[in-house]
Amino acid sequence: MYSDDVKGLVFNIQRYSLHDGNGIRTTVFMKGCPLRCPWCCNPESLLPQPELMKDEEYCLHCVVCSRDDEICPGNALLLQGRWWSVSQLVDELQKDYLFFLTSGGGVTFSGGEVLLQCEFVTAALQALVNLGVHAAIETSGIGDWQRLDALTNFCGLVMYDLKIMDDEVSRVTLGTGSRIVKDNFRRLLQKKIKVIPRVPLIPGYTALPQNLQEIAEFVSECGLNEVDLLPFHQYGRKKYQRLNKEYKLTEQLPFSTLEIDVVKKLFESYGLSVRIGG
Amino acid sequence: MDKQRIERRKDALFSARDFSIERACIYTTSWQESEGLPVIVRRALATAAVLDNVAISIRDDELLAGNRTIRPRSGIASPEMDPYWILDELDSMSTRPQDSFIVSETDKSIYREQLYPYWAGRSLKDAVNSAIPAEVRCAQAENIFKLNQTDKGQGHIIPGYETVLAAGLGGLRTKIEQLRNQSPDCLLYQAQTLILAALQRHIARYAVFAGEIAECAADDARYGELQRIAAACRKIENAAPETFFEACQLFWFINLAAQYESNASSISPGRFDQYMYRFYTGDIAHGMTDGQIKDILHCLWLKMNDVVLLRSADSARYFAGFPTGYTIILGGLNPRGRCSVNELSYLALEAYQDICLPQPNLGVRINELTPQQFLIKTAETIRLGTGIPQIFNDEVIVPGFLGRGVSLEDARDYSVVGCVELSIPGKTYGLHDIALFNLLKVLELTIQERNGQFDDFAALLEAVKANTDKYAELMAEGSNVVEAGHRDHAPTPFLSVFVEDCLDKGADVSAGGARYNFSGVQGIGIANLSDSLYNIKKTCFEQKTVSLPELAAILGGDYRSDAGGRLKNQLINKGMKYGNDCDEVDELGAEVLAHYCKTVERHHNLRGGIFIPGAYTVSAHIPLGAVVGATADGRMAGEQLADGGLSPMTGRDCKGPTAVLKSVSKLDNYLLSNGSLLNMKFHPSALAGQTGILNMTGFLRAFMKLKIQHIQFNVVSADTLRAAQFAPEKYKNLVIRVAGYSAIFVDLDKAIQEDIIKRTEHVF
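Protein sequence lines, in the order shown, are assigned to chains A and B. Counting with the numbering used here, you get residues 1 to 278 for the letters of the first sequence. Counting with the numbering used here, you get residues 1001 to 1764 for the letters of the second sequence.
Because the hints were derived from the structure by calculation, they are not lab data. Among the hints, a few may not be true.
What the hints assert, rightly or not - Here are the simulated lysine-lysine pairs, BS3-like style, with alpha carbons at most 25 angstroms apart: (1) A:Lys238 with B:Lys1655; (2) A:Lys95 with B:Lys1538; (3) B:Lys1655 with A:Lys95; (4) A:Lys54 with B:Lys1655; (5) B:Lys1707 with A:Lys95; (6) B:Lys1574 with A:Lys54; (7) A:Lys238 with B:Lys1758; (8) B:Lys1707 with A:Lys7; (9) B:Lys1574 with A:Lys239; (10) A:Lys239 with B:Lys1538.
All values derive from a computational prediction rather than experimental measurement.
Build the full structure now, drawing on both the sequences and the hints.
Here's what the structure looks like:
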């Protein structure tokens, strides 16, 4: 069915996820991403190889630092990214099978970008579906159609990010143009699979009137009737320090509920039902 | 009741609490006059004297009559049980950190000059203390176990209300008179007749009193309410109740009388929605509305907060914040195993949602047949954040009782006493809280005895088990001494009216009259024990980075050296911990806990029953932690143990609530037939919206399928609790879950507040 030669690089497995699809879910975060969104709340997800993260707050200042997360007594060093075989991962994911069953939940693959590890994720999705587990993915849609096509053969739900609609602005800001995002989105809808567009609301980036309007137009043109809005937060900020990376949105305040409501109304004016926070 | 009226009643309840000496004085005078008579008769005369002479009142806005004390929430002294701590604490009682009471100077001198001199040398405490064998005393002094109930009367029982609701007090008296004619020498019947007659007179006093104050009522509406009370009292003084109101009024008087007799915690109402249901349907058929029924429930729920117990400062540390134990369990199964959720089950929760106080301590029994609608109502109530209702799982508790020789029908009828103690209503005298057994202390002692010299991990495990056997035997011996003390010095003939088969056997509950006779003893510290054993196994016997004698020395020094500090961090951060769904560590805990259970159930009590194990701490994980030195799970000396009973150690579970449930499910919950306790704390966002409610019902169904006995929730953010600490006056009604019970957060001692704040909060 699948080969254990294929390994996947996973940086987190989060059980009891309530906001990545229906019910109680386990979310698998795949490591590696082609995008460089300045607001990314998972900076440890970007590089496609394991990396060591250090939290100075927990450092006990041993005489000689082991540089080894398995030895570090204070847990200041944490290795981000471990290689899993499909069968190891599926065993781990089955631990909450009962909760999936009783809550209508399942497993969601997120990232990073799942398309980068298409072969592994497809095999894992197939194995889960064979066990009767509902499976979903979260994707930016950036990748070959063939990959997305393969992956979504075993998904009950795709949560699809729509960030910056202008091809050029997208290329400059995120590192990739948006044409492929739109193309893949349209093709996906042909497959009669449930797709929920998700819009991160980032002040100064995505949450610009023109951009939001374009997203709303695009979604309603595609014939969809719902959208998730994910308001900006700074929860990932500390992780930038731990990775010695610069966080560009330090000064940026989160939106007020009033501001979010304005955006919500905009989307609703296109006949879309809006969920805040997904 | 409308919102304003409820708020007025709540405000009136929560003023400063008084110490009340009234019962003690009446009781003592009666006891002095009855010298020479048999103890059980003297007890009955004393309770009867209280019922005849205690001052009565009906508070403003109340719809039902019956107050234990004139001032709300007063603490009643029972010098007949233990006069000593009261004497020692008379002066400090108004200022102590936990559960304070104001003692008047007059009461202090009455106590010092009249009550104490009489009871010193004559109390239950004297009888028990003189009979405790030296070896048991020694083990107690080493803090391996703690014997309870040596200073207060017998509670922790669910009276059977069906009989009295069906026959009325007059009917019951007739039945006992007949038995008395058949066995004229049986002292129990004589005692019961005395108290029942006194209770009838007590109710008659209320009938007159209500009529009198009705004449001065401010308006017609209040006049009508008071006349309704007067009429109901006149009727139920002798006849069986016919309406929901009359049934509640009689129910409440029975509760008060039992309190006057025992002055003890947890005379619990049991399955209120079942035995009251026929009165509900009767009233509805006669045109009453759900709203009118709810008004009565509001009043009753509020009244249950009017009774609090006076405990010694030490006891208040273990049972902080007044777990009075008006524990009512809703839903569940009927005798044929079908779902027994009814309209009253819903109304009980709805009425509670309007009150949101620590009592009644509502619980919900769930099983495969529980309707989703009821589970939703349950989750909505949990979302209010008071920790009520707690959840019990029929799918594991019913089979657990079958393993204890309980009939299938009785097992399906189980309910809960006090916090989480499992009991068959009206048929059990379970001594559910007779002792606490500190499993972590046993590990500490076992390592110390041999300075850590063990050939291998298996040898250590065997030694822990052997010590568990040894001390469990001493605990059973000690518990039986306490049991004999209650039997010989403090029988409860009134309570025995409501427990089958006391009347048939002619025996008091304390003398083996009940159908089911257990003694419940709690194994404490299983989370810390699992984590410690795992760390020892890995570090000392597999990786061999530290030998056990070396580790023992570091623990003796409380991790205070540089190397010790590093090791402590390593043990906390690198070792797997219970609560993260890791088989290797969970199974270690499961093995020791199962051993404890099997050891305990080999011992017999004096009533022909056996000892049964439980696993809950109430708030005792703080004092029980204070007496254990540093442990191999990275816990410092004196630090608290894991809360609840089966909860993971605070902050050590990091894989979310589903992993916690998985870990708990690996312990054999079927064996814990005295009850167990699992605390879980959710951030309010986890239950937000309809999606949050549905996810909660899914979570509860998985809990049920995992065969875990019990779970309860705090749904409050740490920010709110911190805010309450800084401005207690703004949060005087903030009710949160402590252990098997809820309490008002600002009423709790700082250490317990901190413990609740530190418990892992599940967000996502």
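Tested hints:
A threshold of 25 angstroms between alpha carbons decides the hint, and for A:Lys238 with B:Lys1655 the separation of about 20 angstroms falls inside it, so the pair holds. With a C-alpha separation of about 24 angstroms, the suggested pair A:Lys95 and B:Lys1538 falls inside the 25 angstroms cut-off, and the hint holds. Annotation: proposed proximity of B:Lys1655 to A:Lys95 holds, straight-line Cα distance about 12 angstroms (limit 25 angstroms). With a C-alpha separation of about 21 angstroms, the suggested pair A:Lys54 and B:Lys1655 falls inside the 25 angstroms cut-off, and the hint holds.
Taken as a hint, the B:Lys1707 and A:Lys95 pair is honoured in the structure, with Cα atoms around 15 angstroms apart against an allowance of 25 angstroms. This hinted pair checks out: B:Lys1574 and A:Lys54 have alpha carbons roughly 16 angstroms apart, not beyond 25 angstroms. With a C-alpha separation of about 22 angstroms, the suggested pairing of A:Lys238 with B:Lys1758 holds against the 25 angstroms cut-off. As the CA atoms of B:Lys1707 and A:Lys7 are separated by approximately 35 angstroms, the hinted pair breaks the 25 angstroms bound.
Among the hinted pairs, B:Lys1574 with A:Lys239 is consistent with the structure: their alpha-carbon atoms are about 21 angstroms apart, no more than 25 angstroms. A hinted pair counts as satisfied when its Cα atoms are at most 25 angstroms apart, and A:Lys239 with B:Lys1538 does not qualify at roughly 31 angstroms.
The structure is inconsistent with the numbered hints 8, 10, although it conforms to all the rest.
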